[in-house]
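There are 2 protein chains.
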Amino acid sequence: MKIIKSVKQMSLISKKLRGSRKTIGFILTMGYLHEGHISLIRKARKENNIVVVSIYVNPAQFGPKEDFKKYPRNIKMDTTLCEKCGVDIIFAPSDKDMYPQGYVTYINVEKLSEGLCGTKRPGHFKGVTTVVSKLFNIVKPSAAYFGQKDAQQALIINKMAQDLNMGIKIKIMPTVREPGGLAMSSRNAYLSVDEKKDALVLYKALQKAKSMIESREYRAKNIVGEMRRLIKTKKSIRIDYIEIVSANDLKPVDKIKRKVLIALAVFTGKTRLIDNMIVRV
Amino acid sequence: MKIIKSVKQMSLISKKLRGSRKTIGFILTMGYLHEGHISLIRKARKENNIVVVSIYVNPAQFGPKEDFKKYPRNIKMDTTLCEKCGVDIIFAPSDKDMYPQGYVTYINVEKLSEGLCGTKRPGHFKGVTTVVSKLFNIVKPSAAYFGQKDAQQALIINKMAQDLNMGIKIKIMPTVREPGGLAMSSRNAYLSVDEKKDALVLYKALQKAKSMIESREYRAKNIVGEMRRLIKTKKSIRIDYIEIVSANDLKPVDKIKRKVLIALAVFTGKTRLIDNMIVRV
Numbered sequence: 007m008k009i010i011k012s013v014k015q016m017s018l019i020s021k022k023l024r025g026s027r028k029t030i031g032f033i034l035t036m037g038y039l040h041e042g043h044i045s046l047i048r049k050a051r052k053e054n055n056i057v058v059v060s061i062y063v064n065p066a067q068f069g070p071k072e073d074f075k076k077y078p079r080n081i082k083m084d085t086t087l088c089e090k091c092g093v094d095i096i097f098a099p100s101d102k103d104m105y106p107q108g109y110v111t112y113i114n115v116e117k118l119s120e121g122l123c124g125t126k127r128p129g130h131f132k133g134v135t136t137v138v139s140k141l142f143n144i145v146k147p148s149a150a151y152f153g154q155k156d157a158q159q160a161l162i163i164n165k166m167a168q169d170l171n172m173g174i175k176i177k178i179m180p181t182v183r184e185p186g187g188l189a190m191s192s193r194n195a196y197l198s199v200d201e202k203k204d205a206l207v208l209y210k211a212l213q214k215a216k217s218m219i220e221s222r223e224y225r226a227k228n229i230v231g232e233m234r235r236l237i238k239t240k241k242s243i244r245i246d247y248i249e250i251v252s253a254n255d256l257k258p259v260d261k262i263k264r265k266v267l268i269a270l271a272v273f274t275g276k277t278r279l280i281d282n283m284i285v286r287v
Numbered sequence: 007m008k009i010i011k012s013v014k015q016m017s018l019i020s021k022k023l024r025g026s027r028k029t030i031g032f033i034l035t036m037g038y039l040h041e042g043h044i045s046l047i048r049k050a051r052k053e054n055n056i057v058v059v060s061i062y063v064n065p066a067q068f069g070p071k072e073d074f075k076k077y078p079r080n081i082k083m084d085t086t087l088c089e090k091c092g093v094d095i096i097f098a099p100s101d102k103d104m105y106p107q108g109y110v111t112y113i114n115v116e117k118l119s120e121g122l123c124g125t126k127r128p129g130h131f132k133g134v135t136t137v138v139s140k141l142f143n144i145v146k147p148s149a150a151y152f153g154q155k156d157a158q159q160a161l162i163i164n165k166m167a168q169d170l171n172m173g174i175k176i177k178i179m180p181t182v183r184e185p186g187g188l189a190m191s192s193r194n195a196y197l198s199v200d201e202k203k204d205a206l207v208l209y210k211a212l213q214k215a216k217s218m219i220e221s222r223e224y225r226a227k228n229i230v231g232e233m234r235r236l237i238k239t240k241k242s243i244r245i246d247y248i249e250i251v252s253a254n255d256l257k258p259v260d261k262i263k264r265k266v267l268i269a270l271a272v273f274t275g276k277t278r279l280i281d282n283m284i285v286r287v
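If you're matching them up, the sequences are chains A and B in order.
Here the numbering used here is used: the first sequence runs in plain steps of one and ends on residue 287.
Here the numbering used here is used: the second sequence runs in plain steps of one and ends on residue 287.
In isolation and in its complexed conformation, chain A is listed as follows (with noise of 0.2 Å):
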């Protein structure tokens, strides 16, 4: 396994890659890698020549207010766990080297960028395309894997992939949960004990409204209504938002037809928290 720092580097690599015909599977993380990761490593692992892992952690899509500097990292961890996974390269490039100073081009996914997440981290979106598009350039991958917990950035991506003729295949893996149901993700290790036992109400939040929905109550406003009181439940949680939302487009619906996606944020301490389901009605 490789580890690159250097864009000039990467794409040099990646362009003879490509030039002798290999198929590139790319991840695109954060780093502080969990089973979620994994999961998307396995699936490109058995579908592409070779297998990329991006670990940078973008100062582009953090709000001034929120967590980039103290973001958990640990390349060390990382290596390990890629290297177990038969990762062909790791590409962890500097803050200089992808945002050199005068940097000034971004890309925005209209409409879809706007709601849930987008209202509440204004620029999120565009932070995240922009980042996405610059990896994409450097390490010209056939395939790229995400994660469903990042319900609208996978929207979003495949969006702009399919806009903007990226010729990529994006493709959104299931979510992963710890035992109790909670959602892998890299900021539940700011979470305490105690916290990460009331953080499994989320889950529990999202099934009660699977549930309603399969005893057909259709009337978002009564789902998003029991969902609310049950998170209330926990002291130690404050929503951020609970929505119903059409899978496709993200507008919100009133009524549950086809296929919805039920998507929350909450913040607990000061650690924001994401999770989502897809229900076919």
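As the list makes no split between identical chains, a pair holds if one copy fits it or if it spans any two.
Result set (DSSO-like, lysine-lysine): computed pairs, CA atoms no more than 27 Å apart in a straight line:
(1) K175 with K28
(2) K177 with K102
(3) K90 with K49
(4) K132 with K257
(5) K263 with K126
(6) K240 with K276
Source of the hints: derived by calculation from the structure; they are not laboratory data.
Using the hints, position chain B against chain A.
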């Protein structure tokens, strides 16, 4: 020579070409080709295995009151010219294929897009960078050729390619002028005989500016003043802007130093013409 209209087909062809290690030289045009375009094609022909010319009048770069509908088109004449110049592929996609329903992704090169024509044509450069990025992804060029006549556009595209790590050489070729000095432009087709005669003053004003600087007049205000005076002698011409900016970052300068761009835009009737000159001190 092939004429390709489908985005999908063009993507497949260029993927195959790059896979077999052919270099692709790319000239992006809105058609109605003139000697300026031809000079780019000739250069690309010398430097690449394959030459692709795109002909696409991009709706996203026209303002609502601009000349999208009446922009001159003549695919037959363009085809003959391309054939003569040894072009391998004309790529002429449809609006529906380029901007399918629900299209929402845009690229913006901040700062550089804000001054000069960017102030006068809001959204114009966002439309340009977006379509250029799409065309780059579809055609996968090794090098792309642009004219210095659109100085701000050239700078913006070069910056985008660098910032987003596109790995494409951006080559800027000198402005080609008609015998009297008028910069070649498809929009010259709009001009009456008299308007065309009056428009010669633009190049004269630029030459005047250059000779003033050569005579050590370094005060931008005085130079712009003299250009204004000269152009105003032509009643058919209305000045949109005349500016002297740093050639690297397009920031206005008071004192001429190093490398400046002297840029102007005027209206003659409803026709907007631009021209510019780079002067080194």
